[in-house]
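Engineer: The primary structure of each chain is shown beneath.
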Amino acid sequence: MLADLPLLSLITWLPIFGGLWVLFVNNDAHARPIALLVSLATFLLSLPLYFLFDPSTANMQFAERLLWIPTFQIHYHLGIDGFSMPLILLTTFTTILVILAGWEVIQYKAAQYFAAFLIMEGLMVGVFSALDAMLFYVFWEAMLVPMFIIIGVWGGPNRVYASIKFFLYTFLGSVFMLISLLYLYFKSGSFAILDFHAMPIPMTAQILIFLAFLLAFAVKVPMWPVHTWLPDAHVEAPTGGSVILAAIMLKMGGYGFLRFSLPITPDASRELDWLIITLSLIAIIYISFVAIVQRDMKKLIAYSSISHMGFATLGFFITFMILENTGSLHGSASAMEGGMVQMISHGFISGALFLCVGVLYDRLHSRQISDYGGVATPMPRFALFAVLFAMANSGLPGTSGFVGEFLVILSSFKANFWIAFLAATILILGAAYTLWMVKRVIFGKIGNEKVAALQDLNARETLILTVLAIAVLFFGLYPAPMLEIMHASVENLLTHIVHSKL
Amino acid sequence: MQTIFLIIVLAPLLGAIIAGLFNVSRCMAHTVTIAGVGLSFFLSLYTFYHIIIQGQGPYDITLYTWLISDGIRFQVGFLVDHLTALMMLVVTFVAWMVHIYTIGYMHEDPGYQRFFSYISLFTFSMLMLVMANNFMQLFFGWEAVGLVSYLLIGFWHTRESAVFANLKAFLVNRVGDFGFLLGIAAILMYFNTLDYQPVFELAEQKQSIRLELLPGYSASIITVICLLLFMGAMGKSAQFPLHVWLPDSMEGPTPISALIHAATMVTAGIFMVARMSPLYELSPTALGVVLIIGAITALFMGFLGLVQHDIKRVVAYSTLSQLGYMTVALGASAYTAGIFHLMTHAFFKALLFLAAGSVIIAMHHEQDMRKMGGLRKYMPITYWTALIGSLALIGFPGFSGFFSKDAIIEAVHHAYQAERWGACFAYYAVVGGVFITALYSFRMFFLVFHGQERMDKHTREHLHETPWVVTLPLILLAIPSVVIGVIALGPLLYGSFFAEAIFVNPAHQPFLAEDYHGVWGFLIHGLTQPPLWLALAGVATAYLLYMVKTDWPALIAQRFPLIHRILSNKYGFDDFYQATFAGGSRDLGHHFWKTGDVKLIDGMLVNGTAYTIGFFSSIFRQLQTGFLYHYAFTMIIGLVVLLGLFVL
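Residue numbers (numbering that gives the first Met the number 0), protein chains in the order written: chain P, 0 to 501; chain R, 0 to 647.
One thing to keep in mind: the hints can contain errors.
Said to hold, decoys possible - Below are the DSBU-like pairs computed for lysine-lysine, each with C-alpha atoms no more than 30 Å apart in a straight line:
| id | chain 1 | residue 1 | chain 2 | residue 2 |
| --- | --- | --- | --- | --- |
| 1 | R | Lys376 | P | Lys444 |
| 2 | R | Lys456 | R | Lys376 |
| 3 | R | Lys548 | R | Lys376 |
| 4 | P | Lys186 | P | Lys500 |
| 5 | R | Lys370 | R | Lys569 |
| 6 | R | Lys370 | P | Lys444 |
What the hints assert, rightly or not - Computed far set for chain R versus chain P, every beta-carbon distance over 10 Å:
| id | residue |
| --- | --- |
| 7 | Ile359 |
| 8 | Leu604 |
| 9 | Leu641 |
It is worth saying that the hints were derived from the structure and are not from the lab.
Being a predicted model, the structure only gives us computed values, none of them experimental.
Idealized CB from N, CA, C, for every residue including glycine.
Could you put together the complete structure from these sequences and hints?
Structural biologist: Right, dumping it as structure tokens:
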């Protein structure tokens, strides 16, 4: 019976209408429970996506298709596969935590705040489930608006600069994507993404389309050198905004590579894979060094996000080199799955780390590492969680942070020893920047009187961090279920991209 | 048996969870953890009996599939053979002793429950490491013990030196793990599995495959794998040049120095190489490197023990040196001797550390040997057990260390005669090391227990033997420190104890059954060899310098200031690493950030674009001032110019 419901539409529109409802009620006291209820309901509705998902096929499931704008053959077409389903669950899961995280903290225009996050949730689900390029583009751009508002209204002192930088940066990228989509439409007469996949495209066009997509997705991931919006956006965004930004919005870039770049322009991807691999390695190493010297905790985690996302892009594009070096595709699936796992796991870990910083920020209103020191003494419970998530961020086995990096490093060895060598430096560098921060913030002598007077986590904060801790440990100790749902889609994509489309 | 193995690993984990996450009383915390580890110990004893005496097994059991990717199953499981059973016994026994000892040592500490939780968690991780049946799980255990070591070195987290030391330990270990992980990646690429058994079986076939590292330069894949894996061992077992973390790890409470930084975790690298013997035997190059690194560590780290004043640091440098001995044994293909020394060392070094801890308790947490002396009469049990530990360490005939150390020297001698690469240096290093070992061991012994009482009056009045929870583990550890050598020598080295677990190329085999004439034969042979006389000379020198002519050490230091400075600065490794790697990374990061991100990308590209647009618009906006007379004036000028053009 559940399968007959238009589940994807429900998950997309329930939070959007819920958000409008909260906005309409415009009562801060009522806004919180309504928002929580809506997000919980959305999450519950998204669970059947996992339980009813058929992992044996790469076809689009839970598909819905209606004609939307007949003149241009634009359809309201939704559907998910092994790439999008886990990301949708991540979205609905994270939104609950974000709403809980803002519960007492947000006092200024609370109704609008929660409404923005609900609408945001619906739009993000829309991005992951849209199978029509125009629909995708609408969700993709619409998503910027609530985020822009979240940073611009509830952000820190420099929020205007950050929000405009965020908006222009991402907008610039997506404009080129729009041009590519229009080109593809004129060539194929359809806006269906799956039609784009099947359509032969000449090399020059492929290269141009690839570069246009790259600009859009690289900004979102973000990849070096178009990453500088992220630290600013994170620093200024409220805690909830940072969590959504890091946990989900960054994943859209990675998702875009899997849904658009690789299957639509496989020959260009093969031709330009060195570019992505180089940029990924720069992200992993260069950005790690930058992260080491950050003085602002949020900036440090933002840089760490960029570095970790480098593993996702590396995993997605290492395929061709493995094929070239070993003559077989063996190992490519691990790399791609590793990249996917890295994205999901990074959603948990970076979200948790931003929430930890949020906990401290709510108390002392500072993100500077030097304002802390010895937090473990007044806040032992917080220290436990912080150290756990820091270890997960350093890729400790047994936490989800290890799985993706492990698979990507193991697979990239098959492509080239030195790529694996460079990628594996994350073991040292990641631990260096994360644990050095932990040392200065959590351990040591109590830094000042304000730190001494800190209150440990309250029940709400403990609940949020416990849920994330369970997720991080569960997928670290037993990642098999997460990978099972991807196998078919990954296999399908791999066989698709090794065939020339010229 | 699967259930028994599961209980062995899970009992300490359960104890750790109860003591750590639930708000339990002190009594509850030590009861559950001691019960858990005790249960593990007795079941390990049973396993040992079952596998070794009854001759069952080996067991290769899969517990669950961690994940499947690309058709390769990554699994969690147990491989329990003779080697594992022995390691399990050593680990659980020492861990159990340390748990009991901790009741006394941490008596007044506010973090009592947390400490018990950590050491139980450590026991769990170490068991997972030694019981692994595949490389992935080995890496899991490998990193997990590193985590617990990190937590325990920084246990007193308000001490700056402790939190510096734990970060250093973790990062240096990560450098090793970096190589280790690449080694695992190489194994997966060429063997298509991470399970031990198939890898060992296929190793010989893969011997001829070469990996091109640089254009025109290639190396045998087995050598590459072995060297990468050994990098991990260098980190974990603190081999030169990754040894720098171990002395600093003494910032942690003494029970963990005994358990983690002497008896168990630091020997993980030795265990790993022994486990991988089927791979190492195929690569003489890798064995040569192992031999050299071990020899350097064995000799040069011993020297550093001579100039330390902190009682724990002396024992720490001694541990480094002894780990070097074990590594030398591995390099000489005497894996069994390495494991033998690992076992005897686990007992006598844990004993020495716990004895040092007992002294520290009695001295009210004073660790400077210059403020001790004459403790013999106040602490008889500690005195006698420390003497046993020291005699075992220097290899006094009959004590456990004598047999294991002599076996290593024999093996290196064998390798030297076979003219294996690096064996000449290694032989002189380990023989010379015997003198140094005896010298620093008895320097410490005499400074602490004999001679003048140099402590202040208040401390002296309160000096007394430590409670039974402290002395009981000392006594229980002293027993194997004496007897285990005699018991284990025959079966471990010359018997077929490790026949299935450790593979030695017959050409490399240093211990032949026909050369073995019983324990007495070995003992009498040992009496005629130089190491014994060097050890006695070391004790005599220590006696001379620290009991008879007590002013000589200072004079020697004055006479050779350069050598003294080099030794006091630990050859300068700490300063060098601090300046280049720590400082260098920060400088590089700062440079990348301020120049790359802020100046170039943000300054020029991003904001530069904004400024450029702003600049041009500020020019073009002049055209639209909104003042009518500007427009009128422009029109007139234009008209004049146009008319002029036409007219001319």
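Engineer: Could you run down the list of hints and mark each one as holding or not?
Structural biologist: Against the structure, the hints:
Pair hint Lys376 of chain R plus Lys444 of chain P does not hold up; C-alpha atoms about 39 Å apart against a cutoff of 30 Å. With a CA separation close to 16 Å, the supplied pair Lys456 of chain R and Lys376 of chain R stays within the 30 Å bound. For a cut-off of 30 Å, the pair hint linking Lys548 of chain R to Lys376 of chain R stands: about 22 Å separates their Cα positions. Taking the CA atoms of Lys186 of chain P and Lys500 of chain P, the gap is near 14 Å; set against the 30 Å cutoff, the hint holds.
About 23 Å separates the Cα atoms of Lys370 of chain R and Lys569 of chain R, which keeps this hinted pair within 30 Å; it holds. Taking the CA atoms of Lys370 of chain R and Lys444 of chain P, the gap is near 28 Å; set against the 30 Å cutoff, the hint holds. The beta carbon of Ile359 of chain R sits about 23 Å from the closest Cβ of chain P, which is more than 10 Å, so the claim that it is off the interface holds. The beta carbon of Leu604 of chain R is not kept farther than 10 Å from every beta carbon of chain P, the shortest such distance being approximately 8 Å.
Interface exclusion of Leu641 of chain R from chain P stands, the closest Cβ pair being 41 Å apart, more than 10 Å.
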